[in-house]
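Can you make the complete structure from the sequences, with help from the hints?
Residue numbers (the numbering used here), protein chains in the order written: chain A, 1 to 353; chain B, 1001 to 1352.
Derived from the structure by calculation, the hints contain no laboratory data.
Restraint-style ranges between C-beta atoms, simulated for each label pair: (1) A/Q287 <-> B/E1133: 38 to 46 Å; (2) A/V5 <-> B/M1224: 56 to 64 Å; (3) B/G1034 <-> A/V140: 40 to 48 Å.
Which stretches of chain B does chain A cover? Using the computed rule of at least three CB atoms under 8 Å from a CB of chain A, they are: (4) 1201-1208; (5) 1260-1268; (6) 1278-1284; (7) 1292-1305.
To give a feel for the contact side, a few chain A residues facing chain B, derived at Cβ under 8 Å: (8) S173; (9) E237; (10) A257; (11) L272; (12) R290.
A quick note: this is a predicted structure, and the numbers were derived from the prediction, not measured. Note that the Cβ used here is the ideal one computed from N, Cα and C, for glycine as well.
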Amino acid sequence: MSDHVLAEIKNLHTYFYLAEGVVRAVDGVDLTIKAGRTLGIVGESGCGKSITALSLMQLVPSPGKIKEGEITYYQTIHKTESASTSNVIEITKLKPNSRAMRAIRGNQISMVFQEPMAAMLPVRTVGAQIMEAIMLHQQVNKAEARERAIDILARAKLPNADRIVDTYPFQLSGGMRQRAVIAMALSCNPNLLIADEPTTALDVTTEAQILDLMRELQQQYNMAIMYITHNLGVIAEMAQEVAVMYMGKIVEQTDVASIFRNPLHPYTQALLRSIPQLDDVMARAGQKKRLETIRGMVPDPYSVLPGCSFHPRCPQFMEGVCNEVEPAVIEVEPGHIVRCHLYASRTTKARAN
Amino acid sequence: MTEQTNIHSASQMQAQPPLLEVKALKKYFPIQRGFFKRVVGHVKAVDGVDFYVNEGETLGLVGESGCGKTTTGRCILKAIAPSSGEVWFQDPQIGRINVAELEHEQLIQVRRNMRMIFQDPYASLNPRMTLLEIVGAPLRAMNIAQGKELEDRVAEMLRRVGLRPEYMRRYPHAFSGGQRQRIGLARALAPNPKFLVCDEPVSALDVSVQAQILNLLQELQEEMGLTYLFVAHDLSVVAHISERVAVMYVGKMVEMATTHELFMAPKHPYTEALMSAIPRPDPTPREKRILLTGEVANPANPPSGCYFHPRCRYVKDICKTEEPAFEEISPGHFVKCHRAAELNLSGVRNLA
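Okay, structure coming up:
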């Protein structure tokens, strides 16, 4: 069971209807998640990366609504050892609190959040919280659930798992807490793990441990990971496929090597240039340099810009084109898509050939 | 303390004394229990830290959360009083003084010249004050300017940090994270200081805004001749902005050297592990990184000998019993490790 498609997001629009106006948090996103692979989603705060993930779980907070689009989840059912059929579930058609949705959420698809303290209830033990998830989704009794909880904690490399199971979240350090949250997310063997900035609150050394752990567990369980972060360094280590988001849209998507070696969208290029590069700093050997910045700021979320939403900040802005016509998705090379007018001619050429 | 004599030596051969010199700085927080608030122990947040910052340079201060970076920064300004130790500051008006000993009146004087910017641009500005009041507050408190003059200076400061002076009557809520960090910077720079403690000034910002603020800090440094103590945990950012970097672990300074030397040829095993853990925006597979096992030591109950020994890959018997000194092993390179001379550690690898 290798690279088969696990979930597909098509033309997803998630809008927030506020008194001040409509926030187009996710505005036409297409994504394909494959089993056993890691899809990285990068972007600055407010670009819609977390809302895309929450839409997939049907957890969009009010007053947000999935306005349009389809999310399809392909559930594999193992009938016997060899034979398995796949069951197609339209997530967007399910009610957020329906039985069918709850059977998927936390079981087939689970999520790890940024703040490990906020993801756990402080008044119940770590074990009790993991057992709750296990007993809800699997027909096991309390003693068995406890066994499994200890087992999963040990797999998340928590020392003395049989003792940790009875501790409260505040008794653990940040890194241990994040391990416990990951253990909780993995307790029902999910097919898809959504990790929303799971290491942002952690130190580099702890972050390195957690990233290693996630990769290891991914191999063990052959699960897909949707990894959301703003840290391009982490993306380079974790993801095989990367989608760059800006103002609710995917502006570029390709494999991880191409994103770093051959970024096409001006936003991706600018983003990569605006972070301090260690190699570059070391090569300069003490000489100071300014970083390249993206001029201006992310526009306020209520605004709807004509044309390409990046045009006010784009260094390669073309008057009369970028501010008027919305760029289409262009496949510049196989598997490398970009939403930018600069590459419009390239595809026509490719097609002519 | 042998280490202090060392600190003066080789690297201080230049005639100019450093702008800031910190000697054996300690800050212990008491742990109180029970009805009578009996003191049952101490959290040794900063436990004997020595370093110096030369005029016009940026010293990066790195370490994991809870290692005492922020407490060190605050002790320097006596925002919290250190338990012991000396903080010598070369004040342009008063001359060389020990900030740790100063009392109220004099402290206000010195704080014209040493100031601070904070991590959280949302928590560090009073939402009920206008920009004029926020940026003007230090000028008013120090009796530097009033009335029209105050307004002019605030307008000038806002312009300097890249904000429009017309914004003066607005409140902080009208500004984005990056703009708020600029406001905090304008407030810090209003009395025209010499020295700035920057406590994680870009950690809460988005990548593109982070670049703008880092550039602004560098521009202002050149224009106004500022000296920075740059506290941060993002090592790429620290490498970018600092001439020299100091590494802390559980309240102690473990290594200090020029940025290039520290990143390319670290001498402390902890620094080596830090370097190998930096996530790098480059998808080429790297050598297996060094993963530290176990947890950071508890500053209320630190291990014996070298605090790092339970997690160290190169641990020897002496490390468990004796605390190493913070020594200068080559000009300007200080390290606190028994085996600094014999170990051959690797820095940031896979460089093109």
